[in-house]
Every structure is written in structure tokens, then in C-alpha cells.
Amino acid sequence: MKRSIRLRVALALAAALAAPAPALAAWTRGFAVEWYEPAMYYGAKSGTTEPGTDCPAGTNPEPDWIKVLIDAGYTREQALWLRNPANPTRSPVHGQNQMAFRGAGRANVYINPTSTPDGGLVGVSGDIGEGLDLDDDPTTGFVSPTGERGIDNAFYRALGCWKTFRGPPRLSSGALSSNDAMRDGAWTMVVVLEGRGQDPMNDDDVTVGFYLSQDKLVKDAAGGVAPDYTFRIKPDRKLEAIFKARSVNGRIVSTRPMDEVWMRDAGMARELQLLKARLDLTLQPDGGLSGYVGGYRPWKPVYDGYVRARGPVIEALTWVRLPDVYYALRRHADYSPTGPNGEKTHISFAYRVSAIPAFVLTPDAKRSARATSYKALARPEDSAPEPSPFNVVDGIVVPKGAKAESLPESALLPPSSTTAAGGAP
Amino acid sequence: MSQRFNRRSLLRGALGGCAVTLGLPALDLFLDGHGQAWADGKRLPVRFGTYFWGLGLTDTPAGGSRWVPTTVGPDYEITPELEPLRPVKDKVSVLSGFRVIGDGRPNLVHWTGHAAILSGVAPAAINRMDGPSFDTRVADAIGGGVRFKVLDASASGKVVSYSTRTGSAFATPDTTPVELYTRLFGPGFQDPNRPDWTPDPSIMLQQSVLSAVTDQRQALLADVGRADRVKLDQYFTSVRELEQQLALGLERPEPCESCAAPPEPEAPKRGASIDVVNSNTRTMAKLLAMALACNQAKVFNFVHTPGASETYIPGESKIYHQITHDEPTDARLGYQIETSRLAGLVMEGLGAFLTELDAIKEGDGTLLDRTLVMAFSDTGYAKIHSIENIPIFLAGGAGGRHRTGQHIAGKGEAVTRVSLTAQQLVGVSVGEFGVGGMRTSRPITELMA
Numbered sequence: 000m001k002r003s004i005r006l007r008v009a010l011a012l013a014a015a016l017a018a019p020a021p022a023l024a025a026w027t028r029g030f031a032v033e034w035y036e037p038a039m040y041y042g043a044k045s046g047t048t049e050p051g052t053d054c055p056a057g058t059n060p061e062p063d064w065i066k067v068l069i070d071a072g073y074t075r076e077q078a079l080w081l082r083n084p085a086n087p088t089r090s091p092v093h094g095q096n097q098m099a100f101r102g103a104g105r106a107n108v109y110i111n112p113t114s115t116p117d118g119g120l121v122g123v124s125g126d127i128g129e130g131l132d133l134d135d136d137p138t139t140g141f142v143s144p145t146g147e148r149g150i151d152n153a154f155y156r157a158l159g160c161w162k163t164f165r166g167p168p169r170l171s172s173g174a175l176s177s178n179d180a181m182r183d184g185a186w187t188m189v190v191v192l193e194g195r196g197q198d199p200m201n202d203d204d205v206t207v208g209f210y211l212s213q214d215k216l217v218k219d220a221a222g223g224v225a226p227d228y229t230f231r232i233k234p235d236r237k238l239e240a241i242f243k244a245r246s247v248n249g250r251i252v253s254t255r256p257m258d259e260v261w262m263r264d265a266g267m268a269r270e271l272q273l274l275k276a277r278l279d280l281t282l283q284p285d286g287g288l289s290g291y292v293g294g295y296r297p298w299k300p301v302y303d304g305y306v307r308a309r310g311p312v313i314e315a316l317t318w319v320r321l322p323d324v325y326y327a328l329r330r331h332a333d334y335s336p337t338g339p340n341g342e343k344t345h346i347s348f349a350y351r352v353s354a355i356p357a358f359v360l361t362p363d364a365k366r367s368a369r370a371t372s373y374k375a376l377a378r379p380e381d382s383a384p385e386p387s388p389f390n391v392v393d394g395i396v397v398p399k400g401a402k403a404e405s406l407p408e409s410a411l412l413p414p415s416s417t418t419a420a421g422g423a424p
Numbered sequence: 000m001s002q003r004f005n006r007r008s009l010l011r012g013a014l015g016g017c018a019v020t021l022g023l024p025a026l027d028l029f030l031d032g033h034g035q036a037w038a039d040g041k042r043l044p045v046r047f048g049t050y051f052w053g054l055g056l057t058d059t060p061a062g063g064s065r066w067v068p069t070t071v072g073p074d075y076e077i078t079p080e081l082e083p084l085r086p087v088k089d090k091v092s093v094l095s096g097f098r099v100i101g102d103g104r105p106n107l108v109h110w111t112g113h114a115a116i117l118s119g120v121a122p123a124a125i126n127r128m129d130g131p132s133f134d135t136r137v138a139d140a141i142g143g144g145v146r147f148k149v150l151d152a153s154a155s156g157k158v159v160s161y162s163t164r165t166g167s168a169f170a171t172p173d174t175t176p177v178e179l180y181t182r183l184f185g186p187g188f189q190d191p192n193r194p195d196w197t198p199d200p201s202i203m204l205q206q207s208v209l210s211a212v213t214d215q216r217q218a219l220l221a222d223v224g225r226a227d228r229v230k231l232d233q234y235f236t237s238v239r240e241l242e243q244q245l246a247l248g249l250e251r252p253e254p255c256e257s258c259a260a261p262p263e264p265e266a267p268k269r270g271a272s273i274d275v276v277n278s279n280t281r282t283m284a285k286l287l288a289m290a291l292a293c294n295q296a297k298v299f300n301f302v303h304t305p306g307a308s309e310t311y312i313p314g315e316s317k318i319y320h321q322i323t324h325d326e327p328t329d330a331r332l333g334y335q336i337e338t339s340r341l342a343g344l345v346m347e348g349l350g351a352f353l354t355e356l357d358a359i360k361e362g363d364g365t366l367l368d369r370t371l372v373m374a375f376s377d378t379g380y381a382k383i384h385s386i387e388n389i390p391i392f393l394a395g396g397a398g399g400r401h402r403t404g405q406h407i408a409g410k411g412e413a414v415t416r417v418s419l420t421a422q423q424l425v426g427v428s429v430g431e432f433g434v435g436g437m438r439t440s441r442p443i444t445e446l447m448a
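Here the protein sequences come in this chain order: A and B. Quick note on numbering: numbering that gives the first Met the number 0 labels position 110 of the first sequence as 109, and the sequence is numbered without any gaps. Quick note on numbering: numbering that gives the first Met the number 0 labels position 380 of the second sequence as 379, and the sequence is numbered without any gaps.
Check the hints yourself; a few may be wrong.
Unchecked claim - In silico DSS-like pairs for lysine-lysine, Cα to Cα no more than 25 Å straight-line:
id: 1; chain 1: A; residue 1: 215; chain 2: B; residue 2: 410
id: 2; chain 1: B; residue 1: 157; chain 2: A; residue 2: 399
id: 3; chain 1: B; residue 1: 317; chain 2: A; residue 2: 66
id: 4; chain 1: B; residue 1: 88; chain 2: B; residue 2: 317
id: 5; chain 1: A; residue 1: 215; chain 2: A; residue 2: 237
Source of the hints: derived by calculation from the structure; they are not laboratory data.
The following block holds chain A by itself, in its conformation from the complex (with noise of 0.2 Å):
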């Protein structure tokens, strides 16, 4: 009988510590995120380049590639035979290897952003500033749009004027590639609210859970994201965020600055660090959740996320020489995880995130999902990285076991000496 007993009772643990403990929530809501993307305010009335309050010249514009070469070191007619579409080192889908090379001696500045000097990315001049007050300070950073004073967005002001980040809300270039390939099935992301309260709309202990989901997104019949689906939690020894708020009006707002949490990136950096992590959202009408997370994110991850997405196709297509985004990230960092006096490794940074109603369950997909960590069952194989479709090196697209080198002088220009038709002028 008392083996019985303890049998049972070991049992019992064993099930305790196999599925999160239950929470003590008296409400819970569930949300799969259907947009997200980092909050850049855009200072213009319409497009995404035009001049604005955040970038009086408008967005950067595109280096001309031609004189970006020359100033490398290569001649003028080298230049214009590696910018020529007809040249068959240029491939249409990854661009021109050769831009890699274009630091001191021919150093790739893909891996070496300071083998070339600052080309000076222009950032965001304006005062006005999407985001959260991250140091609690309200004398430092921008003025909302709604006039709440003290935001820190330091990634905003450093790449504001970024062609890939500028635009209205959802209409960048950026944001509308990542969330269209999330919304395709890449990846997704659930968030699961819990309050001890009774009412979700004021509630002084809430519970903000951002987890992966191992189900895809549904589209609706007109493309948009469907609500009301259900999704399962997908363990994560890593991309997991636990926030503590409490809830006024329906407006949910972090009670204390998580130390460190992690997120599934909208860039390229795939994985995003937020120290002081906090959050602002909003529960909409319609059962949606809308606002900011935001925090200290290294920024050197978002410079290498560039660089792993190939160099040559991020220049071209976003128009800005990839080392200037180095300088830019660096010179703009603003946060030490050491003290006020240690390198500058983060910098401040907000994502806007909307969400729509979904239901949310734990992995066994047993029962409603808590906001608590599930780090505890995933397995390694559940956080494997995802795998590239191209096989790159330092930057740029080899064939496997290559090494990622310059040309030989030789095939610097056309086999017949002369810039062939299609050139550049």
C-alpha cells in the first residue's frame, strides 16, 4: 500500500515537472501575431521616400555602385564590366561577388566593415519617435506621436532613413518581406496574456507570454491572417519572453523591466536579445492586441543577420553600402550590460506588434496555454537553427567547400578588353 502511495505521489511529481505548473489564473487570452515589425516612425505624407520630419532629404539614397568601385581601387572600365548584367560573375539572384572585395587590399568588407571608411549613413534628424521610455528617463530620446516624452529608439534614429525600414506602418520594404514570408509559413508567433484578476481590461497582475508556434499561419480568402485559429506552443531552450504588466483600460503595460528575454527576430538576425525588456499593448475591439515590446538589443547580430542574407543582394536591393550600417548600429549604440561606463554593445529598440485572437495551447495541445515557460520541454531539435538555402560564406554565395575570395585580376574585365553594351554609363 505505501509503495502504492509513493508510487503515486511520484508519479504526480513526475507530472508536475514533465508540463509547466498551473498558473493561478483567473483569465487567459490567446493571440497569434500577424504583424510585427521594428517601430520607425515615418515623418512624409505618402510613399516611402519623400522627405519627412524623420529624414528631411528623404530616404538615403542608392550609392552609385560605379564610383563606390573606383574609390575601392578598381579602374573604371573593371568597375562597369562587374556592374554589367551581361558579365556571368553577376548572378541574378545573388549579386556581384567582387563587391564583397572593396577594403584595403582587397579586404572583404563584409567581414571587415572598418577595412573601409564610414560612407556616413544619414539617420533620423526628426524629434518625433515610436517606442517605449526604456531608462525611464523622460528628458532622453523622442516625443510620440502622441506626445508621451522619454521613447528610446536608438535603432530607429540610426537606420531611420534606411530604405528598408522607412515607410508608413507596414509599408516598408523590409517589413513587408519578412512579414509576408512569416505570414507564408515561416515561422510563427503566439502571445498569451494571464491575469489573477477578474477583469483583463484592469488587472494589476498580468502575465505577457511571446512564444513559437509549431502551426503556420492560416490566410483568409482575401490574404490576410485568419483569427481564431488554434495554435500549439513550440518549446524554445531560447526565443521565449515572459513579461510582468498590469493591465488599465485594456492598456497593458510592463510593472518592472525584464532583465533579459528573447524573441523570434522579424530581420535577419532571426534572434533577437532584448535586455530591460518591456511592452506597451493595447487590447483592441475587434479581440485584437496591438503596441510595442521593446529593449536593449545587441546590434551586432542585426549587422552579421545582413551580411548572412548576402551582402551584394542586401546592397543592391536596399541601397546602402553594408559597412556604413556597421558604423551606423556602432556609433548610435547606446546601452552596456556592464554599466554606464562598458563597451556599447546594445542598443535601444522597439518592435510594433499587432495580434489577433487565436487559441493558444500548451505543446501536448492538452489544454489553454499560461504564460509561463516551456523552456523546460523542448528538445535540442526543436531549437536547431534555421538552415540557409544557399551556401554562404563570409557574405557571399560559393560553391560548397569554396572560399570566398576575390577575382583574379584577369576576370576584373570582359574577355575582349572592352566594357561590352549594357553597361552603365
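Given the coordinates of chain A, work out where chain B should sit on it, guided by the hints.
Only chain B this time, still in chain A's reference frame:
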């Protein structure tokens, strides 16, 4: 009609010690009174072709479009990017609003769109399809009895074809007009209207050589693993097609009223600039059209430009693919100006292609009237690699089965409905197409006469 002979009758005899067969010409005896069908009630052949171009047509993030007509049904308006189709507008149906439903599979950019249209399922991996492309099913159904079961051609100089029986091995296209000409009208071509036809003993010899390795082929198939078996199956399919082709070379071809072997094209122009690609498209269209008219083939696949199209305007340094991504939307006009300009130029290729098919008189109509061309792309709004609102056109009368000249708005339905419709329009006995969320048994009946 004669009780002893019909259009399928063969005269059998011997030549040089070899048995040969001799087909009979299309005698009036075998035709109905209208010149539209054989007297036994069977229609003159219906042909089918796919036409692919890369990077879709121009949409805008705000929901506008440079190509979707504002009205549905017949007599749609010609929108700016459809202007090159104006000469054949009444023979072209426009299909907008159809999309790929991935069933959780991510969008593999510049691949998922057309792979899903052709195979009926969003692919799991790039450069592979999860099933055969449906053109092979069409070829099996209607492509027999002619010299080439399928013809594959690519106009941009790239060895690109999306036609596959296995999902992993793809057809090898002819990439220049000269290559295509040589295949069609070089050695092995028999003028169906030539009066002094005799079978070529060298063809009989080639056929015997192939037959001799049949046993070894089967033995090899039994020895290899699954992956190699798939590759070999695709390879031996082409061998079997070659055997059938050789066998046909020993039959006297039926005369074809519209067939006139064209002159050999000039030396090939190479390069991906849009003027070269469109010039090659027009020349190759003439060749393909004559191949259909000469009853050399009934099914073809044509690639104008690949998915991530590298075509460009001569003198410019940017390629089309790059422009679709990097060009901002014009704030005043609401669309990408240069992208739309290139889309219009790319559509000139399709317009020229269809015009060439329509220029050949056949019976009481044109070759295009007896053909169905399904033209489609890999993306909708190329800037973001969208797989919604992928532009698709069904061109040609399919022998009277296609109710042409309509705009069909798909409203988010699966692209497989169009693929199923195309197959049924050319007479393939198929009741459903696609897998999972794209499985459909509903053709677009508005397009069916």
C-alpha cells in the same frame, strides 16, 4: 467513309528486307464536310503549351494593380501591362486573384509559385517539385502519335525548364532558335507534304540499336536504389519517346495544309537583355507554331525568362529581378514605374508568341484556335515574392472548348483550379488536381464551352 480504310490505316510492306509501314494522307474521304474534324467524329488535334515568365506583373502594396482588369467576365478592359495582348485579346482569358495555399510550407521564393501551379502542391524544397508537372500528364494524354511528345524551349539562353515527371529531374530545353530549328526541321524532319516520301533505313537502324538494349535497361533498373531509379526512369522515358519518334519516322506523315518548313534562323543571339529575349521568343514561337502545324508535336513548354528573371533593358546596369525589389513605389502614381515598364516589355514577349500562333491558318480558324496556351509566372507582387494574385492567362480556343476572352477573378482560390481547368480543356481525363488545401475538383466552368 470507306469501310476498308480509315485515317489510321497503314499500308504495310518491306524495304531492303525490313518491314515498313506506310501511313495514308488526310484524304477528303476521312474528313467531315466542314473541315473541322475527321469524318469519324474525332476533332482535329488540340495542342497544349505552357508559357512561363519570371517576376509576375505589377501590383502595389496598397492593393492596386497594373494588370488586373477592373471588370470580370467577357470583354475585359486592356490594362497597361496587358497592352501587348490587345491583338489577341478576344482569344485570351485573364485569371487574377488565384494563390498558392502552402499548407504550412514556407514560400520558397521564385519557386513555390510555379511549382505549385504545375505540380499541385507547394514544394518542400527549392528546385524540386513534390510531383510531376501536369504538362507531362497532358503530354501522355494528347501528345502521342507525333514526332515529339513534348517540346521544351527557353528564350533567355538559360537551360531552364519546369517540366518534370519525377519532381527532381527536369527537361532539357533548346535554348536558341538555331537549336530549336535543328531539332524540329534538321535531320529527321520529314516534310508531310512531300510527294516522294520513302522511309529512311538509317532510322530503322537506330531503332534497332535502342531495342537491343531493352533487356539491359530493365536489368539496370532492378539493380539501382530508389533515387537512381527515379533518375533512370526520367532518362528512359526520353529514350522511349525517342523510340516512338523513330517508329513514327517509318510512317508516312499525314499531309498538313499549314505546314511549310521555315528557313533556318540566323546565328543565335545570346544574352538576357529584353530585346534579345523577345527576339528569340518571336523566332522560337514561329518555329514552335510550325512544328505544331506540321504535326511534329502537340505539347510544348516555353520559358521566356526564369523565376528570378535576369533580363534587363539594354544600357541599364540593373536587372529586372533587382528592380522589382529595390525600386520604391512612386508616391504619386502608386506603383513601381520601372518595374511596370519591364513587365510591359516582358508581356510583349507573350503577345508576340500568341500572335505567331494566331498567324497560322488552320482549317476554318487559326492554329491558336486549336491550341490552349497556359501562361503564368512565379509571383504576384514580385517586390515581396508574393504567391497571391499570380498572373495566369489561358490563351487559344482549345479546339472550341475554351470560352475565350474573359476575366476570371479568383478571389483567393487555389491556382490548381486553373491547372485543372487547363487539363480538362485539352481533353485530359482528370477529375481533380492538387494536394491538401489546393486539392480541387472544381474547374472554372465559366471558361468551358
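#### Entry: Hint numbers contradicted by this structure
Violated: hint 4 alone.
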